[in-house]
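Peer 1: Each chain, written out:
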Amino acid sequence: MVGLAVVSHSETAAEGIAEVASEMAGDTRIEPVGGDGQGGFGTVADDIEAAIERADDGDGVVVLVDLGSAVMNAEVATEVSDVETAIADAPVLEGAVNAAVAATSASATVESVREQAEAARGVEKL
Amino acid sequence: MSDEGAAVVAAVAAVADRIEAERSHLTDLDSAIGDADHGGNMARGWAAAAEAVAEMQDPEPEAVVKTAGKTLLSEVGGASGPLYGGSLAFASPTLADGVTAETAVDFAETYLEKVQDRGDARVGDKTMVDALVPAVHTFKKSVEVDDLTPVEALAKAVAAAERGVDFTVPLRASKGRASYLGWRSVGHQDPGATSTLYIMEELLAVATEHLDAPEQLPEDAESPTVPDGEVTED
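Chains as they are written, first to last, in the working numbering: chain A, 1 to 126; chain B, 1001 to 1234.
Each statement offered as a hint is correct.
Okay, the calculated beta carbon distance ranges per label pair: (1) B/1025 with A/89: 28 to 38 Å; (2) A/50 with B/1017: 25 to 35 Å; (3) A/50 with B/1102: 35 to 45 Å; (4) A/39 with B/1180: 21 to 31 Å; (5) A/39 with B/1211: 40 to 50 Å; (6) B/1100 with A/57: 45 to 55 Å.
What the hints contain is simulated information worked out from the structure, not anything from laboratory work.
None of these values were measured; they are calculated from a predicted model.
A virtual CB, placed ideally from N, CA and C, is assigned to each residue, including glycine.
Work out the full structure, taking the sequences as your base and the hints as a guide.
Peer 2: Have a look at this one:
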């Protein structure tokens, strides 16, 4: 099954987003990752790569990101990782929820999950 | 250890010392328009890089630059990890045959290309690209067209980077954390462009020390270049 890695500058935010997303899809592996590794805000490519490894069970991982350096560090992590990955160009929370649900489909692939995550880009709330 | 390898190790150490010395200044610049972590993150990362390359057995330029880059990538975090560290590691294979004027130009261009690709930034966005682009273009032209020595070319490139740093002051940021400030970013010097200049100044100092080059830039009228401070092309 396709896994998810949720990357935020805040480890707490990443954990919370993973929590919300897993409410919708209990079986999906969702790995939160965030913080600068020193207790502060930020993202670290190595940590993201490790989260991708943990989220993978052989079918690949879709990566959700928040802002700026999270995108850059996720790009580096996906470049060096041996796992099949795709970064979703999507709002991190809504994208994670969509992706978690999409990953539960029996025919889900990294591409199909990424597409569903990116479908959250156009979500209107009011 | 090859002389070139030793010079590259010395360059990493010199950059680490300089960034440490400028730590609070970089933090001040970053607290005006960013998240005040540039000085601390860069100082921590470069110190770790200097330590890592000092421990290398038989360091060659490519391996030293790759090790420094990978260490920065894992230690610096934030956007600076991938931008400085990732780009160094990516560009390191250009030095596989050692450091010459030609491979240095190739290295500089490859590094710049990766920074621009990764950060999706152009000149005028108020980023390190504003220092790097004029520096790399000037370096290439000085080597390939003006036929200057590597040290002379690097001195020209540093001068160009310095003008690039000054150029970031009046700009409105359109990339990175500072872009969220909109017009409030105007009037502040970009921290990434500034640390890029410091790195280049240290490369120049180490290159000057290690290369058998003239002590001074030629001052005679036959110099094919315009005096520093007045070059505006590229």
